[in-house]
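Protein chains: 2
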Amino acid sequence: MTTPFTQRRRAVISQLGARRLAAGKGAVDSLLITRPASCYYLTGFTGDAGALVLSRRGTTLVTDGRFTAQAREQTSGVRIVQQRRSLPAAIGEFVRAAGLRKVGFDASHITVAQLGAMRKAAGGRVQWTASEGLVEAWRGRKDSQELATMRRAAILAGQVLEGALKLLEPGVRELEIASEIEYQMRQLGASGPAFETIVAFGERSAYPHARAGAKRLRKNELVVLDLGAILAHYCSDITRTVVVGRASARIRQWHKAVLEAEGAAIEAVKAGVSCGEVDAAARNVLAGYRLDHYFVHSTGHGLGLEVHEDPRVAKGQKHILEPGNVITIEPGVYVPGVGGIRIEDDVAVHATNTEVLTRIPRDLIEI
Amino acid sequence: MTTPFTQRRRAVISQLGARRLAAGKGAVDSLLITRPASCYYLTGFTGDAGALVLSRRGTTLVTDGRFTAQAREQTSGVRIVQQRRSLPAAIGEFVRAAGLRKVGFDASHITVAQLGAMRKAAGGRVQWTASEGLVEAWRGRKDSQELATMRRAAILAGQVLEGALKLLEPGVRELEIASEIEYQMRQLGASGPAFETIVAFGERSAYPHARAGAKRLRKNELVVLDLGAILAHYCSDITRTVVVGRASARIRQWHKAVLEAEGAAIEAVKAGVSCGEVDAAARNVLAGYRLDHYFVHSTGHGLGLEVHEDPRVAKGQKHILEPGNVITIEPGVYVPGVGGIRIEDDVAVHATNTEVLTRIPRDLIEI
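Chains A and B, in that order, are what the protein sequence lines are. For the first sequence, position 237 (counting from the first letter as 1) is numbered 249 according to my numbering, and the numbering increases by one without interruption. For the second sequence, position 43 (counting from the first letter as 1) is numbered 55 according to my numbering, and the numbering increases by one without interruption.
One should not assume that every hint holds.
Since the list can't tell identical chains apart, any single copy or any two copies may satisfy a pair.
Stated by the list, open to error - The list that follows gives simulated cross-link-like pairs (lysine-lysine, DSS-like), each with its CA atoms no further than 25 Å apart:
{"#": "1", "residue 1": "330", "residue 2": "132"}
{"#": "2", "residue 1": "327", "residue 2": "132"}
{"#": "3", "residue 1": "178", "residue 2": "231"}
{"#": "4", "residue 1": "282", "residue 2": "268"}
{"#": "5", "residue 1": "231", "residue 2": "268"}
Since the hints were derived computationally from the structure, they do not count as laboratory data.
Generate the whole structure from the sequences, applying the supplied hints.
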């Protein structure tokens with residue numbers, strides 16, 4: 013039976029021997045996949061623990077007793093091995109028993125201790141090679157079905173955000189809004205939030221990653237809402253900044269600058285353009301307003317099965333955008349003691365155009 | 013100003029030179045702390061990114077521009093260094109500039125790629141030594157304030173679970189119940205769920221870590237509810253299994269066995285006893301019912317700032333329980349194609365007694 017999962021495995025396996033792997037030192041005879049999102053991408057398995065070994069002889073999922081029944085139900089054409097000891101030890105034992113010699117592993121996901129345990133269990137004849145990025149590069153190029161799902165996830169996030177705006181009134185707490193947001197996204201069919209929902213009022217909006225707290229909203233304060241939903245395994249991510257009351261002239265100016273920066277970055281997104289160029293487009297606009305030193309993070313990140321994945325949209329990033337890439341564009345300015353403004357949308361790269369997946373207005377709404 | 017955070021740092025720093033570190037090869041002059049929960053434990057910092065370097069000369073928090081303002085507000089007596097490049101590179105540069113020579117790091121948290129980047133930035137004169145477990149051992153011994161918080165978190169989880177039982181009726185979906193559970197815990201003051209809430213109906217209860225899905229409840233089906241709340245940074249974790257309708261004789265027998273296994277394990281929890289002995293107490297009861305092969309996971313885990321932390325309560329684990337340890341006890345039986353039963357409570361070890369923090373009935377409730 014051919015499924016998207018079997019097709020993806022076949023594509024990855026066909027690359028093992030042939031090419032020099034992304035960050036690796038050369039060809040490998042097998043690839044160890046440990047990121048849960050990549051395990052799902054290649055097999056459909058959604059368990060919390062386990063790892064895949066891909067080689068020309070097939071795909072093996074090593075997992076523990078909690079997940080073997082689930083693995084058999086969710087996967088097809090995958091051999092399931094139940095670990096008796098720790099996962100790294102079980103992977104090492106399997107590699108030895110299968111006679112594999114050159115195993116590629118994800119050095120940015122495997123810990124020093126895990127590599128030590130795998131080496132020990134596999135024995136000295138196995139060579140472990142850092143070769144991350146192969147599956148992640150495939151994941152970065154979304155197919156039309158994935159894009160359709162991500163479109164729905166982005167629209168859902170926008171709906172939830174618009175609903176949350178209606179709840180903003182003086183006296184309400186950040187946590188109440190965050191809680192409603194996550195409740196509503198599930199009511200609309202999401203399996204849950206893609207990350208801890210950010211609701212930041214007043215000065216707290218100056219923290220780009222503020223955790224929603226007990227603070228109550230006061231009149232004329234800034235409100236940053238940053239939320240994302242997981243729908244059918246795929247993530248969305250959207251941010252809007254509004255004022256409940258009247259915005260000061262300064263806040264209006266900052267919002268105008270961020271909106272213009274976001275527009276410039278979205279305009280820059282095209283197949284063939286580097287992520288660094290997209291980042292620079294946003295940064296240059298803010299520099300024109302002398303606000304670039306208040307823009308303390310990168311312009312965006314890849315989005316898909318994980319809420320942060322390749323490619324990074326940051327200063328100097330050389331990744332060239334390809335059709336199927338989905339990235340966030342989210343410039344902001346953060347003035348300690350005063351407040352912050354961020355506007356974020358999700359953008360898909362197509363061969364001949366760019367599609368903004370999130371579809372709600374970006375204005376500084378004064379409620 | 014003396015806070016719990018400064019006291020904890022002082023205690024950890026005093027151990028750096030004096031003793032052979034847990035898993036390490038000897039004394040170090042500094043310790044790199046990368047687990048977010050341990051960073052919070054030692055400083056109060058709750059940002060999503062950053063790392064601590066502790067040495068006799070003080071504590072430094074390296075973080076990125078998104079979190080420096082927050083770090084200055086949340087911490088006291090900590091030097092804040094803003095990274096310009098990646099976190100590992102910034103740590104390496106700081107270590108070199110500070111003249112540190114023997115840095116202990118957590119090999120079970122640092123990736124192979126991160127260690128490579130730190131080594132490169134720090135230069136060849138710095139020796140990196142795996143020495144995990146030092147802060148985690150401190151975290152395992154909760155003080156009376158931490159225990160008071162965990163008691164509240166456990167009681168809250170029980171209340172939410174009892175509330176969810178009232179919503180169980182034929183036709184309701186797993187996801188609706190999960191969504192209500194997470195909404196209610198926030199209404200009661202939790203900052204959020206400690207993990208993705210598990211709601212599993214019927215055959216799906218045979219998956220110990222089932223993700224709540226679209227399945228609707230039918231009469232006489234098993235229902236497993238496994239949830240936890242984060243309250244003032246500390247986690248709780250509770251599971252109950254009920255039947256909406258009438259339980260078969262077989263289900264009653266399994267539930268009786270699991271309840272007896274859980275009771276035996278809780279009875280075994282005492283300061284001075286090993287975690288392996290506690291695990292064996294549960295496993296032996298299930299063996300008496302010839303159900304031990306259906307018990308596919310370990311008996312429990314440490315609980316605190318993280319929902320899974322030291323000590324592990326599993327087969328052969330040699331950790332000796334100490335006053336202040338808080339662990340879960342959660343045996344289960346899982347029969348593929350039929351269903352599963354799990355009962356879980358949170359237990360605190362005191363010098364002369366054991367306290368069950370979760371306080372709701374454990375019976376097989378037939379609703």
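Okay, the hints, checked on the actual structure:
no. : hint        : result
1   : 330 <-> 132 : between (37 Å within a copy, 21 Å between copies)
2   : 327 <-> 132 : between (40 Å within a copy, 21 Å between copies)
3   : 178 <-> 231 : within (15 Å within a copy, 39 Å between copies)
4   : 282 <-> 268 : within (24 Å within a copy, 63 Å between copies)
5   : 231 <-> 268 : within (21 Å within a copy, 57 Å between copies)
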